[in-house]
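Protein chains: 2
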Amino acid sequence: MGLIRVDWRASFDLTGRVLLYLAGPLSFPLFLAMLYGESTLPFLAAIGATLVLGGLLRGLPGDPGDLGPREAFLAVASIWLLVAVVGSIPFAVAATGTLAHPINAVFESMSGLTTTGATVLEDFSVHGRSILMWRQLIQWLGGLGILVLATAILSELGVGGAQLMDTETQSKNVSKLTPRISETARLIWGLYLGLTALAAVVYYTLHLTGLAPQMDLYNAVAHAFTSVATAGFSPEPASVGAFAPIVQWAVVPFMIAGSTSFVLMYFALKGDPMRLLKNEEFHFYLGSIAVFAAVVAGALFIDPTVGFGGEATIRHAVFNVASMVTTTGYASTDFDLWSSAAKHMLFLCMFLGGMVGSTTCSIKSLRWLVALKAFKRNLFTSVHPEAVRPVRLSGKPIEEEAIRDIYAYLLLSIIIFTLLTVFIVVDSARVGANVSEFEAMGAAASTFLNIGPAFGDAGPYGTYNGFPMTTKTAMILLMWIGRIEIIPVLVLFTAAFWRS
Amino acid sequence: MGLIRVDWRASFDLTGRVLLYLAGPLSFPLFLAMLYGESTLPFLAAIGATLVLGGLLRGLPGDPGDLGPREAFLAVASIWLLVAVVGSIPFAVAATGTLAHPINAVFESMSGLTTTGATVLEDFSVHGRSILMWRQLIQWLGGLGILVLATAILSELGVGGAQLMDTETQSKNVSKLTPRISETARLIWGLYLGLTALAAVVYYTLHLTGLAPQMDLYNAVAHAFTSVATAGFSPEPASVGAFAPIVQWAVVPFMIAGSTSFVLMYFALKGDPMRLLKNEEFHFYLGSIAVFAAVVAGALFIDPTVGFGGEATIRHAVFNVASMVTTTGYASTDFDLWSSAAKHMLFLCMFLGGMVGSTTCSIKSLRWLVALKAFKRNLFTSVHPEAVRPVRLSGKPIEEEAIRDIYAYLLLSIIIFTLLTVFIVVDSARVGANVSEFEAMGAAASTFLNIGPAFGDAGPYGTYNGFPMTTKTAMILLMWIGRIEIIPVLVLFTAAFWRS
Ligand SMILES: [K+]
Ligand SMILES: [K+]
Numbered sequence: 029m030g031l032i033r034v035d036w037r038a039s040f041d042l043t044g045r046v047l048l049y050l051a052g053p054l055s056f057p058l059f060l061a062m063l064y065g066e067s068t069l070p071f072l073a074a075i076g077a078t079l080v081l082g083g084l085l086r087g088l089p090g091d092p093g094d095l096g097p098r099e100a101f102l103a104v105a106s107i108w109l110l111v112a113v114v115g116s117i118p119f120a121v122a123a124t125g126t127l128a129h130p131i132n133a134v135f136e137s138m139s140g141l142t143t144t145g146a147t148v149l150e151d152f153s154v155h156g157r158s159i160l161m162w163r164q165l166i167q168w169l170g171g172l173g174i175l176v177l178a179t180a181i182l183s184e185l186g187v188g189g190a191q192l193m194d195t196e197t198q199s200k201n202v203s204k205l206t207p208r209i210s211e212t213a214r215l216i217w218g219l220y221l222g223l224t225a226l227a228a229v230v231y232y233t234l235h236l237t238g239l240a241p242q243m244d245l246y247n248a249v250a251h252a253f254t255s256v257a258t259a260g261f262s263p264e265p266a267s268v269g270a271f272a273p274i275v276q277w278a279v280v281p282f283m284i285a286g287s288t289s290f291v292l293m294y295f296a297l298k299g300d301p302m303r304l305l306k307n308e309e310f311h312f313y314l315g316s317i318a319v320f321a322a323v324v325a326g327a328l329f330i331d332p333t334v335g336f337g338g339e340a341t342i343r344h345a346v347f348n349v350a351s352m353v354t355t356t357g358y359a360s361t362d363f364d365l366w367s368s369a370a371k372h373m374l375f376l377c378m379f380l381g382g383m384v385g386s387t388t389c390s391i392k393s394l395r396w397l398v399a400l401k402a403f404k405r406n407l408f409t410s411v412h413p414e415a416v417r418p419v420r421l422s423g424k425p426i427e428e429e430a431i432r433d434i435y436a437y438l439l440l441s442i443i444i445f446t447l448l449t450v451f452i453v454v455d456s457a458r459v460g461a462n463v464s465e466f467e468a469m470g471a472a473a474s475t476f477l478n479i480g481p482a483f484g485d486a487g488p489y490g491t492y493n494g495f496p497m498t499t500k501t502a503m504i505l506l507m508w509i510g511r512i513e514i515i516p517v518l519v520l521f522t523a524a525f526w527r528s
Numbered sequence: 029m030g031l032i033r034v035d036w037r038a039s040f041d042l043t044g045r046v047l048l049y050l051a052g053p054l055s056f057p058l059f060l061a062m063l064y065g066e067s068t069l070p071f072l073a074a075i076g077a078t079l080v081l082g083g084l085l086r087g088l089p090g091d092p093g094d095l096g097p098r099e100a101f102l103a104v105a106s107i108w109l110l111v112a113v114v115g116s117i118p119f120a121v122a123a124t125g126t127l128a129h130p131i132n133a134v135f136e137s138m139s140g141l142t143t144t145g146a147t148v149l150e151d152f153s154v155h156g157r158s159i160l161m162w163r164q165l166i167q168w169l170g171g172l173g174i175l176v177l178a179t180a181i182l183s184e185l186g187v188g189g190a191q192l193m194d195t196e197t198q199s200k201n202v203s204k205l206t207p208r209i210s211e212t213a214r215l216i217w218g219l220y221l222g223l224t225a226l227a228a229v230v231y232y233t234l235h236l237t238g239l240a241p242q243m244d245l246y247n248a249v250a251h252a253f254t255s256v257a258t259a260g261f262s263p264e265p266a267s268v269g270a271f272a273p274i275v276q277w278a279v280v281p282f283m284i285a286g287s288t289s290f291v292l293m294y295f296a297l298k299g300d301p302m303r304l305l306k307n308e309e310f311h312f313y314l315g316s317i318a319v320f321a322a323v324v325a326g327a328l329f330i331d332p333t334v335g336f337g338g339e340a341t342i343r344h345a346v347f348n349v350a351s352m353v354t355t356t357g358y359a360s361t362d363f364d365l366w367s368s369a370a371k372h373m374l375f376l377c378m379f380l381g382g383m384v385g386s387t388t389c390s391i392k393s394l395r396w397l398v399a400l401k402a403f404k405r406n407l408f409t410s411v412h413p414e415a416v417r418p419v420r421l422s423g424k425p426i427e428e429e430a431i432r433d434i435y436a437y438l439l440l441s442i443i444i445f446t447l448l449t450v451f452i453v454v455d456s457a458r459v460g461a462n463v464s465e466f467e468a469m470g471a472a473a474s475t476f477l478n479i480g481p482a483f484g485d486a487g488p489y490g491t492y493n494g495f496p497m498t499t500k501t502a503m504i505l506l507m508w509i510g511r512i513e514i515i516p517v518l519v520l521f522t523a524a525f526w527r528s
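Chains A and B are the protein sequences, given in the same order.
FYI, in the working numbering the residues of the first sequence are 29 to 528.
FYI, in the working numbering the residues of the second sequence are 29 to 528.
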């Protein structure tokens, strides 16, 4: 009944192809290195490594077949792992500042590729401009990768209820994933590129008109790469807080677009905007940003130690809540200095996420919305056991199996987050570097859910460098597992995966 | 289709009956007050109040019908709330020490009735012996109440997957709950009483043989009341740590029995022990105690600051892990002084709980076991989408609906715990009494999941008195909601509950 052995040849063939492609984008920082007179060796080494490794994987003996569910899971897991390793080569070869340690280099690369945005950099000025731009670019590539993954693979395989995604072209044919991937990539690619270009133009226009003197061409491109990708790296240690208030306002719509379903945005551009505007997940997503921004603004207004003005209070509340909910991880100010109430609201925002089928990370609005509707339905059937009432999403009834998968996904996420928190606290206590529970919770959520900044030393203007190497290694693994939605890695550890 | 209006008359009739019964147990501390020459007014006032209130509720106009699901939910919610209020009258009238504040009196009473064991007492010596014994007795009554609730009501209504409980007599006839309650009470009552009497005899025998000089008759009875009830109050500020090591060892089996399915223990006594011994939940429950005890013992062994001997290390590890997993909440030593690793293991233990159909609180082993099995099955179907494989418990396939209910219950518990944690931190910060995140997490879990002690000021040798009154009020509500398994309270807030 189709329970044949996993065709690892097909998985590694796709991985090899992606590694060969990687040489293309690596030539952009190579070009910048030549332009700025910085060392080209980091990028030449990475290009060489990715070509050799990619060629080896493609040249493995045997004929690659089609991607089924198992082959897709293996390909996804190996692509995100190997690209992160290859992506760390420029950092490791440049070996400037904290990136000189190989684990730090892999941390920064994995944080980049997974669009997390947690950094181990301490002194930004010791790193070359080409290296800092590679950091930005790998996030943009990670955003593109996740778009293809989310819309073409996870939705077909129904990972954690992702089959509920609104996508006209869903084929439910899990034995023919390869054509589906190319088709989706074609559809999504233009929109992603267009939004990124638009962000760069808007940011740079603010510079040209004199409204944002620091937003030069380099910064405009660097931040365009990480806005729509909801990724969050910045070449500036003060993140978007380094720029004029108008820049902060300009970034918000791009973070929000990056976390909006690309499929629905595509249909909106094709003349059917109602499909997006009437989508319940879209309402829930925007509503959660509005509610949390209002609560945070309220908490900042009543806090005597903050003392922002009226506009700045609203701006910082909207910006940082949107940054957390969309999982971008930019900061417009050091929110680690805020009151306990405001920080806890940001912490809760970390678990939300934007819409499925976007570059967003974390749990995602769809799953919370379905879980809330299913809770409500459960209460109804508790008092009326004889009643049959399906849960509906944007009017359509959804399968009980999808609800169960979503519950399982939420629970699994929370359990992994909890275990990572305990690991961080205990591991830090072990080396005598007492990390508070809240800092550990923030860092665990922020890495596993791919947000970026957290609180305390790992705050938005801080660094993850202070954590023990063991903790950073655990974070590398959990950024990887979290970004590809857990299941593709977990299945590799089951006997059923490898058995024929 | 049976969607008729809730028959609140039936709910309040049962509530009234329970309140009338309450006069009986209240005469035990009344007797002690006379014996010790303490004021009898606290108990006379409570007896008067419970008779008047009970009579009023039974005398409401109209004929009470049978208990259906809705009537049962309303009865359960009102019984636990009103008995806690009546139970606070002796504390409030005696008005000694911290109990003089009415919110503290209700906190102590609710903590007692829900078998939580969190205390607001500071100086134990200012309270009369009759008042301290009422504190013990209300826990024992709460344990009995929960046994009836768990085996006769929640399992019939299938709250959070409780329909999976192994009970021969399950009728699935939710329109005839009243006879079911009497029948179950008859079956369980003797076993509960017998185990309590056995605990008292064992504890007092240790005293008579000179092995435990401090375990006099008063203490033997007081601790027998709160061992099998997995409740955790002690008239001693140092809890079971006030007694000889042999007492601590003697308490462990009674905590474990209190958290074991009373239905399966009943069958074991009737000559069918295999049904208990082959029960998968039983294995999981004992296994989790063993694993966590080993880990905690390891953490204590390598901790240079602890310095227990060999026997004491194992005893404290086993005792406090068993106390947390069974949700009793006794302590054999001040574990708040332990290392971060050991304390975090105890924190994780709080979420486990014993078996369904016992006096245990928290999530319960059955739900974790089913969730783990369902996770494993989900991973299997992720790679083999065409395969159909039911989840099995002790060999029997279980319904998908039960899995979904269990997922929902776990998730709901974690969400409520998280919101309570945030409330505690923010509320404490508001009054300038900075409570650390870990202390707040501990206190939130320990009250909502009905464990008792937590960490920091609310540690096993500490008190909850320092929390703001707003926090204590929230804890009162969440001890109530947690003990009756959430759903009976939540449904009261849905329109569907009240609509005909
Ligand atoms: K991010
Ligand atoms: K307890």
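Honestly, the hints are just simulated from the structure, not real lab data.
Where is the CB? At the ideal position from N, CA and C, for every residue including glycine.
A couple of the hints might just be wrong.
[Unchecked claim] In silico contact screen, one side only, chain B against chain A (beta carbon under 7 Å); selected entries: (1) Pro97; (2) Arg98; (3) Ala369; (4) Phe408; (5) Val450; (6) Val454; (7) Phe466; (8) Gly490; (9) Ile515.
[As the list claims (entries may be wrong)] Derived DEER-like restraints, expressed as beta-carbon distance ranges: (10) Phe408/A - Asp362/B: 30 to 36 Å; (11) Pro425/B - Ala523/A: 17 to 23 Å; (12) Ala322/A - Pro425/B: 44 to 50 Å.
Cross-check of the supplied hints:
no., hint, in the structure
1, Pro97, "6 Å, holds"
2, Arg98, "5 Å, holds"
3, Ala369, "4 Å, holds"
4, Phe408, "5 Å, holds"
5, Val450, "5 Å, holds"
6, Val454, "4 Å, holds"
7, Phe466, "4 Å, holds"
8, Gly490, "18 Å, violated"
9, Ile515, "6 Å, holds"
10, Phe408/A - Asp362/B: 30 to 36 Å, "47 Å, violated"
11, Pro425/B - Ala523/A: 17 to 23 Å, "21 Å, holds"
12, Ala322/A - Pro425/B: 44 to 50 Å, "48 Å, holds"
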